[in-house]
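Asker: Okay, here's what each chain looks like letter by letter:
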Amino acid sequence: MSDVTFYGVRHHGPGSARALRTALEDVEPDAILIEGPPEADPIIGLAADPGMVPPVALLAYSPGAGGAGRRSAFWPFAEFSPEWQAIRYGLAAGAAVRFCDLPAANQFVPPAADPEEAAPRGTGPPGGDGPDLRSDPLGWLARAAGYGDAERWWDDVVEHRGDGPSPFPAVAEAMAALRERPGPRNVREEQREAHMRRALRRARKDGFARIAVVCGAWHVPALRSPVPAAHDDRTLRGLPKTRVAVTWVPWTHGRLAEDSGYGAGVRSPGWYHHLFTAPDRPVERWLTAAARMLRAEDLHVSSAHVIEAVRLAEALAALRGRPLAGLDEVTEAVRAVLCEGADEPVELVRRRLVVGERIGAVPERTPMVPLQRDLQAEQRRLRLRPAPERRERDLDLRRPSDRERSRLLHRLRLLDVPWGVPGDSGRAKGTFRETWTLAWRPEFDVELIEAGAWGTTVGAAAAARAEALAADASSLADLTSLAERCLLADLGDALPAVMRALADRAALDTDVAHLMAALPALVRPLRYGDARGTAAAPLRTVADGLVVRICVGLPPAVSGLDDDAARGVLTRIDAVHGALALLDDEAHLDRWRRTLDDLLARPDALPGLVEGRLTRLLLDAGRLDDVPSRMARAVSTGTPPARAAAWVEGFLGGGGLLLVHDETLLRLVDAWIAALPADAFTAVLPLLRRTFGAFTAAERRSIGERARHLGAQPRGASRPAGGEPDETRAGPAAATVLHILGWEEPS
Amino acid sequence: MTEILRPHAEQEYAAELAGLAAHDDRPRPPGWRLSPWAVTAYLLGGALPDGTMITPKYVGPRRLIEVAVATLATDRALLLLGVPGTAKTWVSEHLAAAVSGDSTLLVQGTAGTAEEAVRYGWNYARLLAEGPSEAALVESPVMRAMRLGAVARIEELTRMPGDVQDALITVLSEKALPVPELGTEVQARKGFTVIATANDRDRGVHETSSALRRRFNTVVLPLPESAEDEVGIVASRVRRIGAALELPESPAGLEEIRRVVTVFRELRSGVTADGRTRLKSPAATLSTAEAISVVTGGLALAAHFGDGVLRAPDIAGGLVGAVVQDPVSDRVVWEEYLETVVRERPGWSDFYRACREVS
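In order, the protein sequence lines correspond to chains A and B.
Numbering of the first sequence is given in the numbering used here, commencing with residue 1 and proceeding in unit increments.
Numbering of the second sequence is given in the numbering used here, commencing with residue 1 and proceeding in unit increments.
It should be emphasised that the hints constitute simulated quantities derived from the structure, not laboratory data.
Mixed in with the good hints there might be a few duds.
Covered stretches of chain B (chain A as the covering partner; in silico rule of three or more C-beta atoms under 8 angstroms from a C-beta of chain A) [unchecked claim]: (1) 62-73; (2) 218-229.
If you want the ones that stay clear, here's a sample from chain B, every Cβ over 10 angstroms from chain A, calculated [claimed, not checked]: (3) 45; (4) 132; (5) 279; (6) 297; (7) 347.
Idealized CB from N, CA, C, for every residue including glycine.
From just these sequences and the hints, can you work out the full model?
Answerer: Shown next, in the form of structure tokens:
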């Protein structure tokens, strides 16, 4: 008969971890059963590898049917997790270490009874976040004892009892009492506990003498109760399952923290880690670390500050009747001494130290898809370490190493791994600089495993992905932006395929609007591509073809449009015009201007808005010398007021400076508005408001100033106003002015 | 009732302090009258085993008082920061009374405070007649506190000129005050420490040097968190002051106090209590202390000129005076508040009319 000991733990807590380690060293079990997915049994040995640095997580991944039902779940372990200590102890002592929870293969299929139960991906062990009582029973007990923090309670009640007996029997009793409270029936929980009992039975049968079971404290009473094997078999019979792969992935402290949505999370992983790892004097070490961190942020914190902070923390602990200063006391000391009462640095300490930004590592031998390995090699080669905190990074594309970094980040984005997010300055500040915000999230490993289907290296996978995207692209604009991304990611292999798809699509697409929407994205890399040294020739061919097609297709596309459609065409014309100016190709520009010329030659077919804008574009290009007369025609009485207003809007849409500087045009607009009949004025007022409302305040003001003086002085300030001045009325004013100037005539 | 207008904390609460001392069996730091636990209990209130009630002196987060007491217990100096009217002086007085039984060793910081107020001065008649001697020395409160091993209080630290502030550095680090004229020094006895208060609203009057700053532990006193807390603070303080002034008790007072506190909180935070309307904030701080003085003033009006019951007209005058400090901009803020918020609020029409009359 084998000897079974149950250790009900809190999933992450230095207290439980230390107590468990001591207990295991005492009992020396030859088999250890741990709450976790049994699929991970083959890779459990990796935990003993020196390359394995917590926090890490077991990742169970299921591709699902056709990629739609994809699921993944994580079982995180920190240095201070009791389970992790049990694994490490067991492996070092040569005991058999097994996981005993319900297999992930079953957990991924939601039970029929309550479909809600299946954990959404990335939120932790399925079923881990149930009602409050169930998910953190120790926290619940701590609250009953009047403590805010379960770890604090555990520390005070269990840890600092001195050499008392093992806490685990008492914890198990408390759980049994809690479980007597009737709660809602939880099918998944019954299945999990049934499986744990079954694993225990099997371990007994395998002939182990001393078996240790490490599981959430909540489950201990259920595992102890003598349920017949047949009952469990009935519970577990015929459970649906799916295909699952399991591996280790690096994890972060930030993801362990409660506020990131992880059910069994803890508030202060950094503090717990410190408590567990600090060999002695935890308070002194902690405050020194805080001081060094603040110093690195250019806040002046001296050793004298640290000394006083330690004294305050200890005095405070004594005042509160606690055996040792805890996180509360230490944080007060940081606030009152190190930060001199200010809250912002305290928040910094919380983020950097209390939660911490530690990221784990897994050894080389860990099962990985080749893509992950390739990425690791690239990260090492380019010295771009994944780190969980957000960091800005400037890349100078003229340097080869930075160019390669940029390429890697762009390729990863194509694979849906947004490790880096490009900042705004990438496009605005120049062609050779990129600003990236880097932040590694553990879930990226899931994306990488997913993307492993595309290829074995980041470059090949991204190229394959781009080709697949090109084949599926639904619109021309999608294709061009894809082409742009390919160029940024330097995917020369994929570019021909994307270009072919683009050329085919452009040739077949009859809607000139699509072509126009596609052009700007194509022109940008053509213009800016040179900083990366990419060969843009294929792109050039496609762009050339697009320009010709646009010029041919535009005239029929702009006639007979209603207002809304005209507005849409207007933005596209603007975009194409801007893109062509950027491309700076004389032949294309000339063709484009001729097209516009031809359009203007038959103005009746054009909407007023478009006609106004074309006039403006050609005026800016210096190809029209009769703009005043064109405008006069457009706003003359023969034209309906609505059309005239639309013309004005199109003409002035680019900005009001023209009206400030060209008085003839201003006079025309002014005269037109003044001559409008009352009801027509009301009709065009909204259009005018829209036009003028888009100008800057300064433009509006100076236009207003000029319009005011139009009537009084027809030709500027130098010309005298019409009509003779009335001597008798002007006399007193003139005398006053002379008086002020000191030129008073002797009267 | 004594003839004294405002007794010191250790006089007014002598019974509580004696009761605490009688039941205090915890270790006391050298020079302390009470143990740190008893000091905390004195400030936060509670009941003693023999039934003596300790009134709460400070209503607010417990941890602030614990940090303050722990600071003093480690013989560090304590700096209480906060906007005006957040009970900084009040807390410092009571801490001094509880720790050393004497809250009178006080230096008031002003722009004109001279170094003599912090170190020592001379009795010039004696100095001229006899030359420098112990007898000609005039001790500052700080020097006295060092001799006695008591708590010295410095009010409005940042209003003192920087060089005067820096005179404290030696005192706080060496715990000694040299008197070179006599070739002697005063060494502080155990129990000596300093509680300073400073206002962080008009910061930069005289910025504290970092050398001095790092000798203080800083506790920031916040404005009361909830309206209920604030009403409680105002009501209890008004009752005390009223008793000292021998004003008759006012039965209907709580409702008016609630209104004053509501007005103050809303104008201070720039949003109405229900969080639905944004308001402009006046330049005045509108602290709890000002609310207390508005209500006390109203009580005096009601007692002497009204029917003895605190009503809206009694507090309206004081309230408007507290809010409208700048006759132009604050007037606009107040009128807006009156017309958009007070006027619409059910049950406040008497209050609205009273305010209209004095505005």
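Asker: Hint by hint, say whether it matches the structure.
Answerer: Structure-based check of each hint:
Check result for the segment 62-73 of chain B against chain A: holds, 7 residues qualifying (beta carbon to beta carbon below 8 angstroms, three or more required). Check result for the segment 218-229 of chain B against chain A: holds, 3 residues qualifying (beta carbon to beta carbon below 8 angstroms, three or more required). Against chain A, the non-interface label of residue 45 of chain B holds: every CB pair exceeds 10 angstroms, the least being about 17 angstroms. For residue 132 of chain B, the condition that its CB be more than 10 angstroms from all CB atoms of chain A holds, with the nearest at approximately 35 angstroms.
Annotated as non-interface, residue 279 of chain B keeps its C-beta farther than 10 angstroms from every C-beta of chain A; the closest such distance is 25 angstroms. Even its closest Cβ contact with chain A, about 33 angstroms, leaves residue 297 of chain B beyond 10 angstroms, as expected for a residue assigned away from the interface. Chain A leaves residue 347 of chain B outside its interface by the beta-carbon criterion, the shortest separation being 38 angstroms against a cut-off of 10 angstroms.
Against the hints set out earlier in the document, no violation occurs for any number.
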